[in-house]
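J.: Order-wise, the sequence lines are chains A and B. For what it's worth, this note's numbering labels the leading residue of the first sequence as 1, then goes sequentially. For what it's worth, this note's numbering labels the leading residue of the second sequence as 1, then goes sequentially.
Read the hints as simulated data drawn from the structure, not as lab findings. Please note: incorrect hints may appear among the correct ones.
All copies of an identical chain are treated as equivalent in the list; a pair is satisfied when it fits inside any one copy or across any two copies.
As the list claims (entries may be wrong) - In silico lysine to aspartate or glutamate, EDC-like type, Cα no more than 20 Å apart, as pairs:
#1 K127 to E170
#2 K48 to D141
#3 K48 to E88
#4 K127 to D175
#5 K48 to D61
#6 K48 to E135
2 protein chains.
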Amino acid sequence: MTLRLYGIPISGNCYKVELLLKQLGIPYEAVLVNSREGENRRPEYLAKNPLGQIPALELEDGTVLAESAAILVYLAENTPMYGQTQLERAEILKWLFFEQTRIARYIATTRFWLRAGQAEANASLIKQNLQLGTEALRIMDHCLAGKTFFVGERYTIADLALFTYTHVAEQGGFDLKPFPNLQAWCQRVKQTDRFFPLPGA
Amino acid sequence: MTLRLYGIPISGNCYKVELLLKQLGIPYEAVLVNSREGENRRPEYLAKNPLGQIPALELEDGTVLAESAAILVYLAENTPMYGQTQLERAEILKWLFFEQTRIARYIATTRFWLRAGQAEANASLIKQNLQLGTEALRIMDHCLAGKTFFVGERYTIADLALFTYTHVAEQGGFDLKPFPNLQAWCQRVKQTDRFFPLPGA
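The following block holds chain A by itself, in its conformation from the complex (with noise of 0.2 Å):
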């Protein structure tokens, strides 16, 4: 039996560590937990993953993995996408928390938000997302000054986290014009080895 990875291709999660494991070179097999549709909340699926989101990833021995960022840490220890010391490790670890509280909770929801065509009922919680996101966008852009990856001069899980949703910020109504050491690196990020694009983006 192979790596099962449980979730739906368009999930930015999903997409981190869908790429994570064909950037590695990792062979898996993708179930489709289609969470559009409520299928993360079944039974079937809870009994795998009690958190109920996706992605979740299965081991050889059954053993589910859960939380994206954890499954990132998990598949990308004792490679050059992890830290090689104490130090890279913790700053990593900042950036992949910095990712979830942040980029996916004021970016990836405001995009969700407006593609689902739910702009006007969440209209002031979008208000704050686009402040407090757009402050996150120029931290991380204040934070590559000088830079070609966030740690280590070298693309990392941090880099791979962080990309996700902050290069599509602009299907948010974010706009990353004013942020070119940002632009710069997702560019970057784009030509690492056997990358391939968010589907649906």
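Fit chain B to the given chain A structure using the hints.
T.: Only chain B this time, still in chain A's reference frame:
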């Protein structure tokens, strides 16, 4: 020079790092950055931590770590409070991300608003947070069934992080009575060596 912890003791995210430092017996100096007064937005602090949050941990060589959960991993690496295997590390990270994206987001925020007299201004979000936070508590209670701690049957940074805002969830309007596993686990965390209570709770 010793480690320097920037923050404010009543912040749960600062408390997590301070509790771990004390429980691991690591000496440190606490430097007050009063986020309630906006001191985390001052240029001299942003020069140290561009992410602009508290806590931040300054190492002996002047390197500054940020994001509380990443700091926990940094400090606990090579101790029994982090994972001893690749799988244990993935499980601990899963809970650390769950904590930041659900417990801190839904429970800590709601508790803050209630204590700051901002309940009315955030009424519709609080309603949603109570629902989503309660679902997170239910998941935790479910995953604790038959277990003493979340990962590896010993106290780790997953427990420390999850405990912080969970054990004061009632101050945010959440009901812990339906979750006996969670309540028993809170008592076990309080009995760990060198535990001290969250200031101001």
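J.: Please name the hints from earlier in the document that this structure breaks, with their numbers sorted from lowest to highest.
T.: No numbers; nothing is violated.
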